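Line order of the protein sequences matches chains V and W.
Here the first sequence stands for residues -10 to 232, where the numbers follow my numbering.
Here the second sequence stands for residues 2 to 268, where the numbers follow my numbering.
Rather than coming from a laboratory, the hints here were simulated on the basis of the structure.
A portion of the hints provided could be inaccurate.
Not the full set, but computed from the structure, chain V residues with beta-carbon under 8 Å of chain W [what the hints assert, rightly or not]: (1) 34; (2) 76; (3) 105; (4) 188; (5) 189.
Since we're looking at a predicted model, the values are computed, not measured.
Just so you know, even glycine gets a beta-carbon here, dropped at the ideal spot from N, CA and C.
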Amino acid sequence: MENVSFSYGKAPTLSKVNLHVDRGDFVGIVGPNGSAKTTLLKLMVGLLKPDEGSIKLFGQSIDDFRDYQRIGYISQNVREFNIMFPATVEEVVGAEINARRSIFSRTKEEDKDRIYEVLQRVEMIDYKKQKVGSLSGGQKQRIFIARALINNPEILFMDEPLVGVDLDSQNKFYSLLDRLKEDYNITIVMVSHDIGVISEKVNRLFCLSNGRVYDHDLTKDIHGANILEDLYGKNVRLLFHKH
Amino acid sequence: MLSYEFMRRSLIMGIMIGIVAPSVGYFLVLRRQSVIGDTLSHVALSGAAFGMLTNSYPIFTAIIFTVIASLGIEGLRKKFKHYAELSLSIILSAGIGLASILISLGNTQGVLSYLFGSLSLVSSEEILLFTLLSVLIIGTIIFLYNKMFYITFDEESAYLAGLSTNRINIFFSILVALTIAISMRIVGVLLISSLMVLPVAASILIAKSFKSGLVYSLLFGVVSVIIGLTLSYYLNLATGGTIVLSALAILLIVIMFQSIKKPKNTF
Ligand SMILES: Nc1ncnc2c1ncn2[C@@H]1O[C@H](COP(=O)(O)OP(=O)(O)O)[C@@H](O)[C@H]1O
Ligand SMILES: [Mg+2]
Chain V
-10 MENVSFSYGK APTLSKVNLH VDRGDFVGIV GPNGSAKTTL LKLMVGLLKP DEGSIKLFGQ
50 SIDDFRDYQR IGYISQNVRE FNIMFPATVE EVVGAEINAR RSIFSRTKEE DKDRIYEVLQ
110 RVEMIDYKKQ KVGSLSGGQK QRIFIARALI NNPEILFMDE PLVGVDLDSQ NKFYSLLDRL
170 KEDYNITIVM VSHDIGVISE KVNRLFCLSN GRVYDHDLTK DIHGANILED LYGKNVRLLF
230 HKH
Chain W
2 MLSYEFMRRS LIMGIMIGIV APSVGYFLVL RRQSVIGDTL SHVALSGAAF GMLTNSYPIF
62 TAIIFTVIAS LGIEGLRKKF KHYAELSLSI ILSAGIGLAS ILISLGNTQG VLSYLFGSLS
122 LVSSEEILLF TLLSVLIIGT IIFLYNKMFY ITFDEESAYL AGLSTNRINI FFSILVALTI
182 AISMRIVGVL LISSLMVLPV AASILIAKSF KSGLVYSLLF GVVSVIIGLT LSYYLNLATG
242 GTIVLSALAI LLIVIMFQSI KKPKNTF
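Here chain W stands alone, though its shape is the one from the complex (with noise of 0.2 Å):
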């Protein structure tokens, strides 16, 4: 399968894909904000709605949405302060409804491969896209590897440390949302918060350590991608359910595993 360009240039994609959305999806699991990628995905279809009625380029309208939007819930937070969970309802609530009419809108017949995944052909600029902020969310989360985890672990603490955590947080939201916007076009909006989502479910069962559980959850959302990927071209699936189901597939071998290997710790 790899004799096809596109196949091998979805491959390139997606392992990109399997390294970016659990390493994200780490942070946002472990500050249980899980549901952020579950808003600004739905905020990324109407900016790739917006993108197909303007003719314009339907990924990078879906970068400059989720961007917006991922400020947008930062600035609500502190609005709602506390009740901080309702920035998130206010946004999901205004992605939907904004994608919902502008596909009814016409000229969006492409919209349901933004909504499942496809594995259409690449363009080689995408893939230089795609590497680029690849590459960056990579280095981001390299660079502020320590203070996002005292951030994850305990928040107030890392602000009284003197950490800039506001700005941190909101580093942080863009780099969601431009996973997102990186992910949608395989994986698909309604699927990317699985993929950030599974793999790590899995990686903390078995992790003892911060780094080891980041590095887990990777190597899984890697796995699941390639899997996914291979049997969706030969049984010819939908990319992004083969992907996300594979990824099911591996934390229910992570739970199996675990119960067999302690079996006293029943409840």
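This is chain V alone, in the form it adopts within the complex (with noise of 0.2 Å):
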């Protein structure tokens, strides 16, 4: 992402951002309420276009990006669903392989296979035929990490996930995006909002206020302090304390 800006309106929501992700990165994203994380990644995927810049994915101009299979996108929407909202766990999971095929081609057993599978990986095979709506909030977004996982991606795009998540499960995400990790080697960006928890997870962090990304790669330098400024100005001061 070269020389970035975006917005919505006359105020600048975002100016000249330059970043780069690498394979394999673990990338947080942080920063208060309406510092532009969610429009930053809609950047990334393509679901908003800069009014300047450019941005490639893969090496590839975002404008001819078609391969959109290689990327998995979780949105912050998911996690105002609907818990009405009449889905099973298994149709969720496999909307967008049926989306792809006509209502009278059978679902294919491989399709089927591929469901159970990332299911399985997700370990929430038990639930294929429960209404999504009533699941607990982590298991939601395992499902939801299901659904973006059906193609394989290469990189998985996340939204604040982990709003409104226990604290047992957000440790159970964690460790599942550990072993995509392992597994697959799969790129992962993800926007949170605790800055405490995801600095300890990631390699490296992209801080955004006032509409610039400060980039701190944290194999090098864990200062801390740092991006707390950085982010929140500089009469921040960082408490310690024991529970």
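Given two chains presented individually in distinct reference frames, assemble the corresponding complex, making use of the accompanying hints.
The structure is reproduced here in structure tokens:
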């Protein structure tokens, strides 16, 4: 992403953003509410078009990019997923495979196997006939990951997947990501509001503030205080406390 | 009552509407766009009034008006990208404003039956037209079912999966427009959107899967229409109102049935 600027109206939402994600990276995107984290992610996957600058996915300009199977995207909307929405786990995870075939051809065995395989990978196979709305926050999140994994993507974009998910499920979630990275060397870009937790997990952190992006390579320098300063201004103090 | 030709025809029409309206309404409700039904039915009224004024076939002019309006909504939605609901209010205002002016221009006595629906004689040409349209609507829904499920569930992901979401949305708006046009004769424009919403509301209370939700919706829709038409015939009540109140009764029964089934689930 080079020199990317974007605005919804008159005021610039993002200005002259440069960033780069390497294969195998685990990137965290943090920043206060309204700091354009979601906007940045949508630009990255091509849901929004930049006013200026260029965005490339796998070295290819996003305007020509059609290889959508290589990316997985979990929007922040799914977190507002209506619990009344009538859909089973199987239907949701199979949505993409099914959308590509006509209603007249029966679900192929291999498609079914594929659905069960990703459900197994997120340890939700026992829930395949359940209504998604009846699951807990953490379980729902794993269903949405399964849905995004259905194409074996090389990179996974997630927008605040852990809001409303309890601590236990959060840990499970991170170990699932670890396994995905180990087994498939999948690149992960994840927006989070919880800088404390995510900075321990990622190898790279983009901090968003006032339309600018601060890039921190956490394998080289871990200066938590600097990050917070960039993010929330100079008058932030770090408070260490024990529970 | 089936020995009367007009009643038999009304019932055939009613069953088609009972299938079509909730099926289309199902997707509208789940996408939180049920207001589109209200908006387009007001436009349909102005279309029908225009037809009466110009001595052309009101349903035909209503179809033209609603299809144009549904395309207008999609267009305005892009214009007001960040305030998409505004496009509905704009079209609704245009529809109701135009309708009231056209009605006031006179020669539109029949307009009341389009407002509340009626059991007047449906010609066999109309039956043919409505059957064709219903088959077209249901056929499109079946054909696009998997894609529409994905778009309904998560439009952004569907777009990223390479689905032509814009084109499917336009197709779908046209389906809504056609549904309203064929429903207005019997149910009336003021009540169509209720028939698109009430059976769906009952259905999503009990459905476990997307497919069963769709089936329950049209099942409740057909039952409401049959009960409504029968009661309306024997008790001489307004047709559209009786149908909608039957749908409401079904919804209440489902709610009651649910609270009996799991009494512990109180908030
Ligand atoms: N669809 C939109 N229309 C207009 N402004 C928007 C829209 N979406 C977001 N914004 C504005 O852009 C800014 C960044 O939003 P967002 O990317 O959602 O932030 P975050 O995800 O970090 O909370 C906010 O000030 C928000 O009000
Ligand atoms: Mg956000």
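Cross-check of the supplied hints:
A least Cβ separation of about 6 Å between residue 34/V and chain W falls short of the 8 Å threshold, and the interface hint therefore holds. Interface restraint check for residue 76/V: the shortest CB-CB distance to chain W comes to about 5 Å, inside 8 Å, so the restraint holds. Violation of the interface hint for residue 105/V is found here, the shortest Cβ-Cβ separation to chain W being roughly 17 Å, above the 8 Å cut-off. Taking 8 Å as the C-beta cut-off, the interface hint given for residue 188/V is violated, the closest approach to chain W being about 27 Å.
The interface hint given for residue 189/V is broken, as the beta carbon of that residue sits about 29 Å from the closest beta carbon of chain W, more than 8 Å.
Hints 3, 4, 5, counting from the list given before, are not met by this structure.
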